[in-house]
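Participant: The residues making up each chain are set out below.
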Amino acid sequence: MNPLAGCLLLSCLLFASGLGAVLIRRNAIVVLIGIELMLNAANLNFIAFWRYGPNPEALTGLMAALFALAIAAAEAAVGLALIISLYRRHHRSDIDVAEELKG
Amino acid sequence: MNAVFALLAGLTLGAALAAVTLRNLVHAALCLALALAGLGLIYIHLEAEFVGLAQILVYVGAVAILIVFAVLLVRGAELPEGRVSRAPWWGAGFTALFAATLLWAVVRSPVIRQATRPAPTVTVRAIGDQLMRDYVVPLQAIGMLLTAATLGAALIALPRRDPNSSAHQPTPP
Amino acid sequence: MDFLAHHVWLIPLLPLVAAGLIAVTPRPQRQFASSLSIGALAAAFLLATLAFAATLAPGYTRTISNLPWFTAGDLTLHWGWILDPISAAMLVMITFVGSLIFIFSTGYLAEDPNYTRFFGFLSLFAAAMLGLVIANSLLVLFVCWELVGVASYLLIGFWFTKPAAAAAAKKAFITTRIGDLGLFTAMLWLNSETGTLLFYDSGRGCLESAALTSLVAQTTVAGLTFTAAISLLAFWGAAGKSGQLPLHVWLPDAMEGPTPVSALIHAATMVAAGVFLTARLYPLLSATPGAEGLTFSNTTPALITIAWVGAATAVFAAVCAVAQHDLKRVLAYSTVSQLGLMFVGVATGGPAVGLVHLLTHAFFKALLFLGAGSVIHACHHEQDLRRLGGLRRGLPVTFAAYAVGMMALSGVPILFSGFWSKDAVLHGALAWPASKGPFVLCVIGAALTAFYMMRQMCFVFLGEPRGVNASDAHAHLPPHESPRVMTVPLVVLALCTLLLSAVCTPFWPALEHYLAGPKATPPSVTAGVWGLLVLSTVATATGLGLAWFAYRPVRGSASSADPLAERFPAVFGVLNRAFGVDALYAATLTRWGRGLGTAAAWFDRWVWAGLVDLFHTLGQFTGWISGRVDEDALNGGFDAGCEATRWSGRRLSLVHNGQAPRYLRIVALGATVFALLLFGWMEQK
Amino acid sequence: MPSLDQLPLYLKDQIVALFPTPLQPWVGALIAIGTLCALFPALFAFTTVLERKTLARIQNRLGPNRVGPAGFLQFAADGIKSLTKEDIVPRNADRVVHFLAPFVVVVPPLLALAVLPIGRNLVALDLKETGLLYFFAVGASVEVGVFMAGWSGGNKYSLLGAMRALAQLISYELPLILSALTVVMLTGSLSLVSMVEKQSSVNFGGLYSWNVFTPWGALGFLLFLTAAAAEANRSPFDLPEAESEIIAGYFTEYSGFKFALFFLGEYLGLFAVCGLGITLFLGGWLPPFTWLNWVPSWLWFFGKLMCLIFFFVWLRGTLPRLRMDQLMQFAWQFLFPLTLINAFVAGVWHFTASWNFALRWALGAGLLALAYTLLSRPFTQAFPRRTYRFAP
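Chains as they are written, first to last, in my numbering: chain A, 455 to 557; chain H, 234 to 406; chain R, 289 to 973; chain X, 25 to 416.
Hints were generated in silico from the structure; no laboratory data involved.
Ideal Cβ positions, reconstructed from N, Cα and C, are used throughout, including at glycine.
One should not assume that every hint holds.
What the hints assert, rightly or not - Below, a sample of chain A positions facing chain R; criterion: calculated Cβ distance under 7 Å: (1) V476; (2) L477; (3) I549; (4) D550.
For reference, chain A alone in the conformation it holds in the complex (with noise of 0.2 Å):
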């Protein structure tokens, strides 16, 4: 066991309760603050295996965590906005009350 195993255990569990957030919690919010936390689990994944990964000097994952940063901050906005509009029209921010698509 070397010092990456411990990122991608810790990863694994972030990623685990963001997932778990999505699929259990019922307020839109949280389900926002799981898709976060998967997204920074992911993130996490990125910076590990550039520290120990073969090839470090390449910089590729240290890019690749700075753009998921700010997509998970482009993210954060519109959901918070598209969650704002829900609750104008429904009057509650469950995300089980936006069922427009039921088949």
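Put chains H, R and X on the given structure of chain A with help from the hints.
Facilitator: Leaving out everything else, chains H, R and X in the frame of chain A:
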């Protein structure tokens, strides 16, 4: 795996678990901020100072604030409905299954048994050079994406000028 | 000035940019639009003057700059600009006359609601015309040629709410397109034979001896060399643009456009593009097989055709002009006639002779048109000669300027440039070895020109006021002199008309010498010149005298009748309808076209539609058969299948309850399965 | 004997040398931390008195004048008072968050102060790669504390104050970072120490080339000061604690020592942002002229700091408070575009390094003046010049 990392990992994981389980949404958002700040510290511990500080700047300074704003705007500090969705056990099962798969993959993976190498030295200048040379197209695309996200978020969140759905906001005389 | 010679494209760029800006200018920004387009053209004039100065250097021939445009297979097309004496003189003339006409337009169209658009179109036209004269490639020339056609269409139809204007615009566009077909064919032929459309390309251009030698060596139908055939096709295009027989019909109708447009496009510049084209292509036109494979002569079949067509048009249009009642139509026919004269000049005396007349004509015809515009403006858009009169008192400046233009056009000796340039044409025609016919026709045309101009003068300016001006019933205001912006361009043009005569005389033919280039031998003053001067003066005097005799104002009488029409009503009627060419076209070409269309429609309806109906019936029959089979044999099974599908669809749609958590769970399950497969596969390896 | 300039460093080395080698790095760090934690709160104490007295002078009063010589021990009285007061937690409050908030507000400014070079070789934490980013990242954490304080009280006014504060902090963070970015561009480093060293080249007349002596630096400094005033909740941007509207803003529900902690946090934030301004634009610990080098460098830093603080106090005594919409409009329609243009001009400055100095200056200043004129037009049109009429 040294003590500092273990400490930070525990902090991060605990805060993350709190963020997804707490009933109070503001607490959840604050715990998320803590978890992400802990993650930033882990990055710094992994010699990625720049990304770690950027992580703190972006998540603690912006995303966490954004989330608490949203929480207050949807008046959801205390959950009015049930905490969990209609079929929580299915979700829990899937989560456990997925987590087990990932953990199994990590534990079986050969990479965690290889010897590690010393920390590379990365200057901010190198990161800037890479961003402006090899990654300039993604950088521009990210700029476009952020602009579009800003505009889109503003558009989505703007109140509709619809008399039917404006029961909760005062109509202009 | 070497820079400008290589970047001569800057000159058309200025009005083009102005046109682009005006296109996005809101309509109320009138002042901005007119200032911008006048400023751009004035700046272009300055640049053109500088370019002109560059060409004055001794021994200057031409500066060319070519660059490839695109390559398609073996074919590489080039852009190219040329600055030689011909294009330099044209540049100066177009920008100068154009600027004056732009300025005039601000007064003439001061009340028009579409003022902004007008200046946009004018700028577009100026850009295209300037591009045309500096083109060093037949392709670029053709592009600009079509652009001036578009601008002309837009401007003739500027008052498109008037049905006559819309019809005239359409007519002009279609007629010139018929001509352009010839030019286009010539272009394709030239390109396929020589592989280039550049005029001059340091030995490889299509007007240079290598290409011409190979062209004259080949012959086509009726023993015509390739050069002659291509030249005739190109002249067909030039005739369309310059209103030569038989494609002249559009030009008189084009007078429906605003008068500044008539002055700029249908007198001074665009219609002269045909003459310019023949001058530009002169090496091609005059090439003939000779001792070393190639020699030049002014009696090639193409030039003979041009000379005869030009001379015939000159007389034909002059005769028609005698019997027109519309102020502008007279000038239009006069333009057609003068363009014919220019073609005679190019064909018989060489391009320099024709172009000298083109340049002088541009000035005095623009002057005449602007004078007519001033009159029309003063008389509340009254254009009928018979209803105008005695305007010399109300419009003294216009009268004086118009008189200068009229005398230049008529060929009054000594002071007026028109006399000298026309004389050069006559001189060339007289010295032409092929035939003396064109010369005779031109002299007759000159006399007729003097006649109709005197007639117009008598009607409009001399005598007593009549028509609108006399009757108090609808005299809103007495005729008033036009504002300063309109009279100043008139005066400037009149001065130019006078001054230009200094460089056109056979005693010091500076302009002709300049245009012909340094290699040409200067024409010398011989006894024949003196004789010709006397002959042309006599012809002019005869025309003027006869007209004065017929139309001289009678004191106290304000008759609006034309004495000639009263004396010879039948002849006058024929002339007034311009020998009925329009009616002839309507009766023949148009009717044939319509008949062809009707026949095609009939064929369509009965033959093709019958076939379609037949297949339709057959199809219906087979459909009925298969329908029976379907209903009875297949449907039962199919219905059962449908029911099963619907049932399963209903079951499956339960998955899609529209709730994100369920979707997310399914996604998670899918991801898990995928991850398991992936890692399992990696384990296998 | 060390020079006066390096005396603090010498003392530290002497103390560290007393300990066994394995402990020495820890001891050195503890000394640095201890110094920071003592020095700036002491400065805070002094500043409160100074501010009260200066404001009183501006408002034609005496100010504190009872405790100690000329009232200068007032801070001690205040401190004792706040320590002995009852610590009230509202029944409605969220107790945990309510308890944590003051610390989240105080700790980040202290952390931020660590990277400021307060003298030659005197910097607690020299981050060679990420100094400025560290400063801003840590500074951003204050926002969380502000929100925690405002929300946990369970009071409408404190929540409003927190919302105002957050909106203002986020809006003004952008011009703050962007105006600092110009210096980063020209230095080519995020290290605050190298930024100061970059300004140590000497111009004619022995004048150090502070960044404020360039067109972009001059405007950038002004923009930085404006944004800094907003970041530190100083007048005229002190809406989050506008006492006439929302009592004390986000810390309305605090009393006693926690209230004092908020005050401390605010002032530490002010010191940090002023210190950053000094480092970025005013040459850090550098004297203005070479012949003033004999004055110890840390004295220069603190002198400049006091000048800036005095400037802010003066501002508070002079300017009225803005309205919320004016605040936002000013940030987004004026400051933000102007900082962007300033960054552009800094780029122009960088690429015209070979030009004549006066020409270069004129170009930069001209561009900025043009941008300023164009951007300020909506504001001058919206608020026409007033004419005052006084009673005879």
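Participant: With a cut-off of 7 Å on the beta carbons, see whether A/L477 makes it to chain R.
Facilitator: With a closest approach of 6 Å, the A/L477 hint holds.
Participant: Please check whether A/I549 passes as an interface residue: C-beta within 7 Å of a C-beta belonging to chain R.
Facilitator: Interface hint status for A/I549: holds (5 Å vs cutoff 7 Å).
Participant: When the nearest CB of chain R is found for A/D550, is that gap smaller than 7 Å?
Facilitator: holds, 5 Å
Participant: Restraint: A/V476 near chain R, CB-CB cut 7 Å. Satisfied or not?
Facilitator: Result: holds, 6 Å to nearest chain R Cβ.
Checked against the numbered hints listed earlier, the structure breaks none of them; every hint is satisfied.
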